[in-house]
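Trainee: Letter by letter, the chains look like this.
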Amino acid sequence: MIFVTKIRVISFILFIPVLLLQAQDSFEEQFQLAKNLYVKENYYDAITELKRLLFFDNGGKYLFEANDLIGQCYKQGGKFTDAIRYFILAEINTKNPDQVYKEKVGIVRINILRKTTESAFRILNSLETDSRFKDKIDITNYWRGWAYIFSDDWVNAEATFAKIDSAHQLQKLAEKVNNELYSVGFAKAISYIIPGAGQIYTGEYLSGIMSLGWNVLWGYLTVQAFAADRIFDGIMIANFLFLRFYRGNLQNAENFAIEKNLKISNNALHYLQYEYKGLKP
Amino acid sequence: MFKIVLIIVSLFTLVTTAQTDWVKWGKTEINYEKKDRTRHKDYSYHGGSISELAVKTLANAYWFFISDLDGDNCPFSPTCSSFLLQSVKETNVVQGTLMFFDRFTRDYNFIERYNRYPREKDGHYYDPVSLYTLNVDKIKYIPPSAVVEP
Amino acid sequence: MKIQVFLCVLLSFVSTAFTQEKQIDFNSEKNIKKFADYLFCDKDYLRAAEEYQRLNAYKENDTIIFKSGLSYLFIGDYSTSIDNFAKISNSSLFYKNSKLEQMKAHYLKKDYSVMRSFYKNNFTNEYDYSDQAEKLFYFSYLVSEDQLPQKEKFLIPFNSNENEIISSFYDWKNDPPYKSSALAGILSAIIPGSGKIYTGDISDGIFSFLVTGVFTFLAYDNFHADHDTRAWIFTGLAAFFYGGNVYGSVAAAQIHNAKITFEFNDGLNVFLQNKNYFVPVYDFCN
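Residue numbers (this note's numbering), protein chains in the order written: chain C, 1 to 281; chain G, 282 to 431; chain P, 432 to 717.
Excised from the complex, chain C in its bound form (with noise of 0.2 Å):
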């Protein structure tokens, strides 16, 4: 008797956690609901079930998770200064350090997005002076390594994607773009010695024999003009032609190796956004 009584208490207790988790949360139902819609890309609506979440969850069990969700719907929405603000709010809600991480990285990629790289710098040094972090150091350098590709180095794209694995997908990558690179320094540099060197040195053969030709005739008859002592003349040749198509050899080094190599940079940015397999910002 006493046996059957106890058996019937022990499953009377057992009970009662199932009869708990069948009752329905709401808070619950509505994330989901909100999540839904992210996942089939109603972005504003999806922001506007996660703001009435928020607003009735007072115990404040959701402000990380909805605060992170809004952020992301931003982002895909392209409004980055809206996602950086809610992941700042997620951030501060945040209870372990893992969350703090996802946060960071959050507003780091948004910063590489919107090529608002230094402050998506400032974000990564401060993770890896970050004792909690110390573990995450290859994803701090894979995120620093497409902050750097994003602001143009690719030369510390590829030494940064190097300390991951010296065989990485990126580091080829970069190391492929660094090398077929032109220098801009060097093309204006040579330019200051030859005349359309710079444009040559950049493949633009017709422009920079062109340029050759008008510096040496202005230059020819500048001197010309002062060896027969028309000052004037000479002054007037100089300033008015000889000196702008020199700057102009110099500008068209500079811009063609600019060009160039926007050309090149953007090859392989658009191999990074359709198709790298990887994660992207």
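Any given hint could turn out to be false.
[Unchecked claim] Using 27 Å as the maximum straight-line C-alpha spacing, the simulated DSSO-like pairs for lysine-lysine come out as follows:
| no. | chain 1 | residue 1 | chain 2 | residue 2 |
| --- | --- | --- | --- | --- |
| 1 | C | K35 | P | K474 |
| 2 | C | K176 | C | K35 |
| 3 | C | K277 | G | K402 |
[Unchecked claim] Computed list of chain P residues with no C-beta within reach of chain G, every gap over 10 Å:
| no. | residue |
| --- | --- |
| 4 | L524 |
| 5 | S625 |
| 6 | Y708 |
| 7 | D714 |
[Claimed, not checked] Cβ-to-Cβ under 8 Å is the rule here; a few derived chain P residues that face chain C:
| no. | residue |
| --- | --- |
| 8 | Y469 |
| 9 | S599 |
| 10 | F600 |
The set of hints was computed from the structure by calculation and includes no laboratory data. Ideal Cβ placement from N, Cα and C applies to all residues, glycine included.
Based on these hints, arrange chains G and P on the given structure of chain C.
Mentor: Frame of chain C, contents of chains G and P only:
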């Protein structure tokens, strides 16, 4: 202390966040590639009268032999040569030529440009043809403090 | 047996209390309204308006309709705001406010003739807000191209501290200080650059004078030195610069007129925004 500052900043800026959502928006494709902001010349012909074709040929020759080699010397957008082409296209050769010589004179005036013309993002002064066709309806005044999208 | 009963009762209390804490109907009328009010005070007007429209009470509660109308007004959807304000019944506390807000919406839509007809049909009697409506009615003449009423009649609705500035707006609109394109062209034909100085482009005028002068001098100098080819080239250039200077002076007068019109309209907008379009400021959030 830092968290308090973060909270204050976020709450303050949340008010302005709301204004983003005064229009419904959807997903945006973000392009990784950088925009090419250099000014490129269009050498191609787009039909038009004989005088327009003649002026276009002169402009192409000027661009090829001189302008492409002497650097970016025009502080305005569109450049003086492009201004000539557009003004001939919008009006006629005579009026377009007069507009061009007026523009060329204003080009010499380096004193009060910042007080007179709005700027594009790349720093060039925005001075469109539509202001000078003598058609009052085409004039859309933009104050000099404005920054114009190219 | 007694223990079993006790445990059953205890279990039901605990589970009820626990589930009530986790249960909330987000879509009840009361909660939708609470959330909508919060969004309205947070200036998230489009969301607020959409939430208000979900309410069953939306069709009957004039406060909700009025706030919905205000929401659409703030985000620039003037047509929808007018539709909302028009739904407010004449027995409502917000009826007179809604009429004024409709006038404001028509003004912002730039439907000035519709706004004026609306004023005449709705504000003829002595009425709350008829003063404000009358101000907006007359102010609209400053932004439209319609003929201005007489000045004395125009100034009547405005306060003594508004009279001075409104009077100056009226005078400007009545007789704008435009420059004559023809006069600018003639002046530049006589003295190159003077037409541009007349329109206020002093430095442009000086440079026009200098450039035309330099090329004319070069033409003269080369003719004098018997360098005929160069002389004719400089003559041609001087002629083109002279023609360009005359043309440019005419255009400069037009641009000057466009500039001062722009600045006048800007001044009107600033004044009207400072006055909140002569409409009361509502405080639904405290």
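Trainee: Are the hints correct? Go through all of them and say.
Mentor: Against the structure, the hints:
no. : hint                 : verdict
1   : K35(C) with K474(P)  : holds, 24 Å
2   : K176(C) with K35(C)  : violated, 40 Å
3   : K277(C) with K402(G) : violated, 35 Å
4   : L524                 : holds, 27 Å
5   : S625                 : holds, 14 Å
6   : Y708                 : holds, 19 Å
7   : D714                 : holds, 16 Å
8   : Y469                 : holds, 6 Å
9   : S599                 : violated, 41 Å
10  : F600                 : violated, 38 Å
The structure does not agree with the numbered hints 2, 3, 9 and 10 stated previously, though it agrees with the rest.
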